[in-house]
Amino acid sequence: DEKSRMTEVMKFHKSKVKLDVGGWKYTTSLATLTSVPDSMLGAMFSGRFHLEADESDGSFFVDRDGQLFKYILNFLRDPVSFDAPLDKETTRDLLKEAKYFGLENLVELLQDDCYHFKKDAIYLSFVS
Amino acid sequence: DEKSRMTEVMKFHKSKVKLDVGGWKYTTSLATLTSVPDSMLGAMFSGRFHLEADESDGSFFVDRDGQLFKYILNFLRDPVSFDAPLDKETTRDLLKEAKYFGLENLVELLQDDCYHFKKDAIYLSFVS
Amino acid sequence: DEKSRMTEVMKFHKSKVKLDVGGWKYTTSLATLTSVPDSMLGAMFSGRFHLEADESDGSFFVDRDGQLFKYILNFLRDPVSFDAPLDKETTRDLLKEAKYFGLENLVELLQDDCYHFKKDAIYLSFVS
Amino acid sequence: DEKSRMTEVMKFHKSKVKLDVGGWKYTTSLATLTSVPDSMLGAMFSGRFHLEADESDGSFFVDRDGQLFKYILNFLRDPVSFDAPLDKETTRDLLKEAKYFGLENLVELLQDDCYHFKKDAIYLSFVS
Amino acid sequence: DEKSRMTEVMKFHKSKVKLDVGGWKYTTSLATLTSVPDSMLGAMFSGRFHLEADESDGSFFVDRDGQLFKYILNFLRDPVSFDAPLDKETTRDLLKEAKYFGLENLVELLQDDCYHFKKDAIYLSFVS
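Residue numbers (the working numbering), protein chains in the order written: chain P, 1 to 128; chain W, 1 to 128; chain A, 1 to 128; chain G, 1 to 128; chain C, 1 to 128.
Derived by calculation from the structure, the hints in this document are not laboratory data. There could be a bad hint or two in this list.
The list treats identical chains as one, so a pair stands whether inside a single copy or across any two.
What the hints assert, rightly or not - Listed below are the simulated DSSO-like cross-link pairs for lysine-lysine, each with C-alpha atoms no more than 30 Å apart in a straight line:
id : residue 1 : residue 2
1  : K3        : K16
2  : K3        : K88
3  : K18       : K96
4  : K3        : K96
5  : K99       : K3
Chain P extracted, bound-state conformation:
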């Protein structure tokens, strides 16, 4: 119902985390970042490590591609309904990010998709 749903939304609000990923600013929740405990972000925000926030805007710094991180965050927000990008280059580059961040399920999902891209390419070379 509405009340329980809003309670969940409010819970997220209490744990807002700002990230600076290669210069791109993201806002997410601690729950999202730690949803895969054995991933790199899961470890980083587990509370076991001391992270220093930026003095000016309170963000935590990650030295990776800022544009692709959008997909990493959307995967963490809702892994069940996540779909791979349709663009070949984005999928190829996201796969490297998924490996870096230690997200095994995302790696598997993307490798499957790469496979389909190759299959499409073969198929297209026949029909054209």
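Using the hints, position chains W, A, G and C against chain P.
Okay, now just chains W, A, G and C, sitting in the frame of chain P:
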């Protein structure tokens, strides 16, 4: 006439709301956000819940994809003349956002469009 | 000559206006915004209405799509040499913005283009 | 050698100029902006005119399309190795900017490219 | 293991560097910037030169294209798994940046790719 139109525009001005959707900053009006009362944003900004604005810029935080939120907001601004994105991937991903935000009319509109995409794909496999 | 041209450029400088269109920040001149007097922006910035600028950055708020507003502004800067976007979806969505802002000449120009898109589609269905 | 190259880099550093082109923020050097003396930017930053910088961020305002200005700046940074955009619409719209800014060499380069686009279009209508 | 990996991540945190590349803000680490010692960035951030950071945000200024710098940074972060962009124009323009920044390995990689693009073009002219 001009005067009544500008009065409406001014009304919007009085209720400016800043949102931080996954790191993307949006500015809209309370009227736009609450235009679908039984949606998630409608509930969130109904006045029944206490929301805490960001101390630095006064924005309210939503832990979702910031790029796709553009379409959510355009739908809320003018649902009658809203058209689905033509891009397959964007439509697919927007459908998930529409479900999350509880916008039934947008879900229906997009599912119709998905159907047309599939039809197009079948059609193209015949003509190529 | 250079001097008269720079005088014109300087004139624009004196009337810089900042806009916050749905979260996108634009900078333009009062001359550009009021170049079509019977349009919505022409009325809004005519001096007949009291507008409140944002306290933090001095921008004026418009509750519309921030990405498409780029075209609105380019049309107002130089309507004679303005060309419609080549992308079908952008043209379709810009038409709605042109209507909202009451820019009759832009509406006409875009509706012509839509017509050509449809003609292209018919043509393509024959040649493919 | 390294030292002379870094000396050149350092020289640029000393003359950093911030621009606000229609709301897009650019950072460049005075050397880049004045590299074509008889262009509009060359005149504007020649020292013969008094420009007022924005009080909050020190930027100079130009009332033109902010996205296309990227190409103007890249042309000024290195006119010899500059290549026209491959996208038809961008080339078309950049041509207008090149004319506005009085960059004759860029105008010529782009008009050549437009010519090639038309040739391509004619060619494609034959092979399809 | 986790601990050694996080130690590495923490090391990066200590040496955060902000860059302003033509108006685009990037955040990276000193380790990334100096990973190719004989490159221009390697020299610039070697400690042998005095760089002045921007007073307002502490960034270091580079007078080059801000959008393409994303690829330069991703190459420096992980040269082994770097892949060239699939887009022809981006590859063409990135090659110029790679030369400017003195990244020989990136230049070679991109020139190979350009070659493949030309091969594709020739191939397409046969099959169409």
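A quick look at each hint next to the structure:
1. K3 / K16: both (21 Å within a copy, 25 Å between copies)
2. K3 / K88: neither (42 Å within a copy, 34 Å between copies)
3. K18 / K96: both (23 Å within a copy, 24 Å between copies)
4. K3 / K96: Intra 40 Å, inter 21 Å, cutoff 30 Å: inter-copy only.
5. K99 / K3: between (38 Å within a copy, 17 Å between copies)
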